Amino acid sequence: MIGAAFGETLAHAKAGDEAAFTLLFRDVQPALLRYLRLIAPDAEDVAGDTWLQVVGGLGRFRGEEQEFRAWLFTIARHRAADSGRSRARRPAVPLDLTEAEQLLTSPDTADQALEAVSTRKVLALIASLPGDQAEIIMLRVVAGLEAREVARIVGKSPGAVRVAAHRGLRKLAGMAGLPATERASTRPGVTR
Amino acid sequence: MSGPDAMHDEMPGFFPGRPGGEHDEPLLDMLLERRPIPPGAPPELHDLARMLAAAAGPAEPGDLVGEDAARAAFTRPPSPAGASPAAPRSARHRLTERPARGRLPLAAALAMAAAGLGSATAAYVGALPSPIQHLAHVVIGAPPPPSGAPGQPLGVGSSPAASPSQVSSPAPRKTLRVSATPTSSKPGNWLWNSANPRYSPKPSYASCHPAPGPTQHQAHPSPAPSPTPTPSPAHFSPSPSSASLGTGQNPGQPLAAQDPESPRPSASSLAPSPSGTTCPGVPG
Chain A
1 MIGAAFGETL AHAKAGDEAA FTLLFRDVQP ALLRYLRLIA PDAEDVAGDT
51 WLQVVGGLGR FRGEEQEFRA WLFTIARHRA ADSGRSRARR PAVPLDLTEA
101 EQLLTSPDTA DQALEAVSTR KVLALIASLP GDQAEIIMLR VVAGLEAREV
151 ARIVGKSPGA VRVAAHRGLR KLAGMAGLPA TERASTRPGV TR
Chain B
1 MSGPDAMHDE MPGFFPGRPG GEHDEPLLDM LLERRPIPPG APPELHDLAR
51 MLAAAAGPAE PGDLVGEDAA RAAFTRPPSP AGASPAAPRS ARHRLTERPA
101 RGRLPLAAAL AMAAAGLGSA TAAYVGALPS PIQHLAHVVI GAPPPPSGAP
151 GQPLGVGSSP AASPSQVSSP APRKTLRVSA TPTSSKPGNW LWNSANPRYS
201 PKPSYASCHP APGPTQHQAH PSPAPSPTPT PSPAHFSPSP SSASLGTGQN
251 PGQPLAAQDP ESPRPSASSL APSPSGTTCP GVPG
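Chains as they are written, first to last, in the numbering used here: chain A, 1 to 192; chain B, 1 to 284.
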């Protein structure tokens, strides 16, 4: 998060300052890609489309950092939905074993979940949650959005978002606290 | 549901052995808001906090892919209609279509080259029909069609038995226009002119005199021989040299190659052929 300097950075970016735009990009892009990798197989393409639209509408944007992030992730979700619809019209090759499944069924990675907590492994664990819970946790924790902004993005009430986030966190804590073999046998399964 | 084998979230409490699980909600809200939890919170909650902090951790290699493209899009002048999500897709579409569009002329050129090579081979073998074989004979120096073949083009006299009436056939005139003077088909054209002596029904003109059209005089200011008003069939030359458009040179060469400076044969090229044809008014 850029914080107090966001307003000035945004103003410079609107004026065409490439360095200011790069700062905005580097601040948001990691979270954007992590979120998109959860909901879209072609995350990098969707991120590219998202930034193109952000660049086009940057001059008309009004708001603070939270609103900027909420706007950007709303665009990203729409582009991911477009990509999903486009992908649905094309034949897909199913994957037998996702990365999350490999992580959860691999005995040597089980004990590493908490000892050497890596971003990639945690994201894989989150991806193994039910879809709505995983997406809400990502938007809340990784993107740093408020509950009402997440509710607006996913089309749920703020209360439903809160409940889904709590359920997801409980499952995540349960998976983290179980040995790998039990995790693999009791986990709810990958929904996507 | 209860018991040691149940999932933690299916039990009444968030953590095993901790009743009243709904009481953990304030702590979960703190985790969601990325606020530090109290040190006295259950260790599982601290583990979860570390996991969420790792999920929102700093950028790793690969997390900034697309920066160059985004910066390029930022520095590019905006389109009048603003950015559209269809724009990158259409750009990708154009990129994928461009090679396919470029392949069509290439395929056409290859097909034409193959057809040309095949035709030339057939011409040199002598397997073409007589009119076409004659055309190939004139243009690329292929062997002439066999003597007395039906449909023999006229005005070129490859057959000694060619009669003057055959000279006026329009077919070879059109053919010659295409092959000998590709740059002009105006009435003043030397080969297109209906007064062209080589296609005149009067054979004595055919091998000796160019048409006295004004265009030809402008193009060839050298003194042209005066046409003979009384044509004589004896002046018609059925020799192979007259068959090659009467240039008196190598019959196997196309006209353009015989006179590279001028696409039209000069009056001197209408001089008597080595076969001894007499041309009145043309100095020997």
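Treat the hints with caution; some may be incorrect.
[Stated by the list, open to error] Now the in silico label distances, taken between C-beta atoms and shown as ranges:
1) Met112/B to Asp82/A: 41 to 49 Å
2) Asp68/B to Ala15/A: 35 to 43 Å
3) Arg87/A to Glu25/B: 21 to 29 Å
4) Glu25/B to Lys14/A: 51 to 59 Å
5) Glu67/B to Ala15/A: 53 to 61 Å
6) Leu64/B to Gly63/A: 54 to 62 Å
7) Arg87/A to Val65/B: 48 to 56 Å
8) Gly116/B to Arg60/A: 58 to 66 Å
9) Pro158/A to Leu104/B: 54 to 62 Å
10) Asp29/B to Gly84/A: 41 to 49 Å
11) Gly3/A to Arg76/B: 43 to 51 Å
12) Gly63/A to Ala109/B: 55 to 63 Å
In case anyone wonders, no lab produced these hints; they're calculated from the structure.
This structure is a prediction, so every number in the text was calculated from the model and none was measured.
We treat Cβ as the ideally placed atom computed from N, Cα and C, and that holds for glycine.
Right, here's what the structure says about each hint:
Between Met112/B and Asp82/A, the C-beta spacing of about 44 Å keeps the proposed range 41 to 49 Å intact. Taking the beta carbon of each, Asp68/B and Ala15/A are about 21 Å apart, not inside 35 to 43 Å as hinted. For the pair Arg87/A and Glu25/B, the beta carbons lie near 37 Å from each other, so the given range of 21 to 29 Å is not met. Taking 51 to 59 Å as the suggested C-beta distance range, the pair Glu25/B and Lys14/A does not conform, at roughly 40 Å.
Glu67/B and Ala15/A have their C-beta atoms about 20 Å apart, which leaves the hinted 53 to 61 Å range violated. Distance hint check for Leu64/B and Gly63/A: the Cβ-Cβ separation is about 24 Å, which falls outside the suggested range of 54 to 62 Å. A hinted range of 48 to 56 Å is violated for the C-beta pair Arg87/A and Val65/B, which are about 20 Å apart. For Gly116/B and Arg60/A, the Cβ-Cβ distance of about 60 Å falls inside the hinted range of 58 to 66 Å, so the restraint holds.
A hinted range of 54 to 62 Å for the beta carbons of Pro158/A and Leu104/B is consistent with their spacing of about 58 Å. Separation of Asp29/B from Gly84/A is about 31 Å and departs from the stated range, judged on CB atoms against 41 to 49 Å. At roughly 29 Å, the beta carbons of Gly3/A and Arg76/B sit outside the given window of 43 to 51 Å. A C-beta distance of roughly 57 Å is found between Gly63/A and Ala109/B, which places it inside the suggested range of 55 to 63 Å.
The earlier numbered hints that this structure contradicts are 2, 3, 4, 5, 6, 7, 10 and 11.
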